[in-house]
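From first to last, the protein sequence lines are chains A and B.
If you read the first sequence in this note's numbering, its first letter stands for residue 18, the second for the next number, and so on.
If you read the second sequence in this note's numbering, its first letter stands for residue 464, the second for the next number, and so on.
Bear in mind the hints are in silico, worked out from the structure with no lab data behind them.
Given the structure is predicted, the values throughout are model-derived calculations rather than measurements.
Any given hint could turn out to be false.
[Claimed, not checked] Examples of chain A residues toward chain B, derived with CB under 10 Å:
(1) Val21
(2) Met58
(3) Gly59
(4) Leu60
(5) Leu62
(6) Tyr65
(7) Gly75
(8) Glu76
(9) Tyr81
(10) Phe107
(11) Cys108
(12) Tyr112
(13) Thr115
(14) Gly121
(15) Pro122
[What the hints assert, rightly or not] Here are the computed distance ranges between Cβ atoms for each label pair:
(16) A:Thr37 x B:Asp516: 36 to 44 Å
(17) A:Thr115 x B:Pro471: 22 to 30 Å
(18) B:Asp542 x A:Ala69: 42 to 50 Å
(19) B:Gly479 x A:Gln39: 37 to 45 Å
(20) B:Leu509 x A:Gln39: 19 to 27 Å
(21) A:Gly80 x B:Gly479: 44 to 52 Å
(22) A:Asn79 x B:Lys505: 22 to 30 Å
(23) A:Val67 x B:Lys468: 21 to 29 Å
(24) A:Ile29 x B:Gly523: 21 to 29 Å
Ideal Cβ placement from N, Cα and C applies to all residues, glycine included.
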Amino acid sequence: NAGVTQTPKFRILKIGQSMTLQCAQDMNHNYMYWYRQDPGMGLKLIYYSVGAGITDKGEVPNGYNVSRSTTEDFPLRLELAAPSQTSVYFCASSYDRTYEQYFGPGTRLTVT
Amino acid sequence: QQQVKQSPQSLIVQKGGISIINCAYENTAFDYFPWYQQFPGKGPALLIAIRPDVSEKKEGRFTISFNKSAKQFSLHIMDSQPGDSATYFCAATGNTPLVFGKGTRLSVIA
Chain A
18 NAGVTQTPKF RILKIGQSMT LQCAQDMNHN YMYWYRQDPG MGLKLIYYSV
68 GAGITDKGEV PNGYNVSRST TEDFPLRLEL AAPSQTSVYF CASSYDRTYE
118 QYFGPGTRLT VT
Chain B
464 QQQVKQSPQS LIVQKGGISI INCAYENTAF DYFPWYQQFP GKGPALLIAI
514 RPDVSEKKEG RFTISFNKSA KQFSLHIMDS QPGDSATYFC AATGNTPLVF
564 GKGTRLSVIA
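Can you make the complete structure from the sequences, with help from the hints?
Now the structure itself:
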């Protein structure tokens, strides 16, 4: 099993550009999550999904969009990138709410 | 009410010593309390977790102590080793997704 995979690993965007961060899991998990982690800070939940076709906002959803058309994939879309979106983005998945979350390796995004 | 307050922000411990990290919460609906460990450049990974029906859970050198009435839980690392140097996050979930503390950066020095 590959677990949770994320692409790309690194990306530099110019202000106003858009991009999609890809996330996939092969563990047949129902729950998937997107977090951002600013330097020296904790994890902030952007969006999460409890199953295909169902998504919900987390703590910091502004400037982002998600979709969940399959169990495996949970892409995160950044529209009109801003410097405040410079961060490390982690995707995670879990079988259920109270089960272990498995994290991907992260995407380091810089917006200049 | 969704917050989990974690302390200290950073901790330096001698090799062989005991590392203690504390967390407090307000939401009585929380029913699952995991601790995650994160090494630089990596994603967090589950270290140990507890549910509120027990007051303590031990896995090797790592122990969670849980005080339901005080709404506090803590991580104890016995015989701390340099390889334990990492950032530790407490977390909690109830009727909402997992809420993370702000993290504790642990440095174990020889």
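To see whether the hints hold, each was checked on the structure:
1. Val21: Given a least distance of 8 Å, the restraint on A:Val21 holds.
2. Met58: With a minimum Cβ separation of about 7 Å from chain B (threshold 10 Å), the hint on A:Met58 holds.
3. Gly59: holds, 4 Å
4. Leu60: holds, 5 Å
5. Leu62: holds, 6 Å
6. Tyr65: Given a least distance of 5 Å, the restraint on A:Tyr65 holds.
7. Gly75: Status holds, d = 7 Å.
8. Glu76: This hint holds: A:Glu76 lies near chain B, its Cβ roughly 8 Å from the closest one there, short of 10 Å.
9. Tyr81: violated, 15 Å
10. Phe107: holds, 5 Å
11. Cys108: With a minimum Cβ separation of about 9 Å from chain B (threshold 10 Å), the hint on A:Cys108 holds.
12. Tyr112: violated, 12 Å
13. Thr115: holds, 4 Å
14. Gly121: holds, 6 Å
15. Pro122: holds, 6 Å
16. A:Thr37 x B:Asp516: 36 to 44 Å: Once the Cβ atoms are compared, 42 Å apart, the range 36 to 44 Å for B:Asp516 and A:Thr37 holds.
17. A:Thr115 x B:Pro471: 22 to 30 Å: holds, 27 Å
18. B:Asp542 x A:Ala69: 42 to 50 Å: Hint holds: Cβ distance 45 Å, inside 42 to 50 Å.
19. B:Gly479 x A:Gln39: 37 to 45 Å: For B:Gly479 and A:Gln39 the Cβ distance comes to about 44 Å; the hint holds.
20. B:Leu509 x A:Gln39: 19 to 27 Å: Hint holds: Cβ distance 23 Å, inside 19 to 27 Å.
21. A:Gly80 x B:Gly479: 44 to 52 Å: holds, 47 Å
22. A:Asn79 x B:Lys505: 22 to 30 Å: 27 Å Cβ-Cβ, so the 22 to 30 Å window holds.
23. A:Val67 x B:Lys468: 21 to 29 Å: Roughly 27 Å apart at Cβ, these two residues keep to the hinted range, so it holds.
24. A:Ile29 x B:Gly523: 21 to 29 Å: violated, 41 Å
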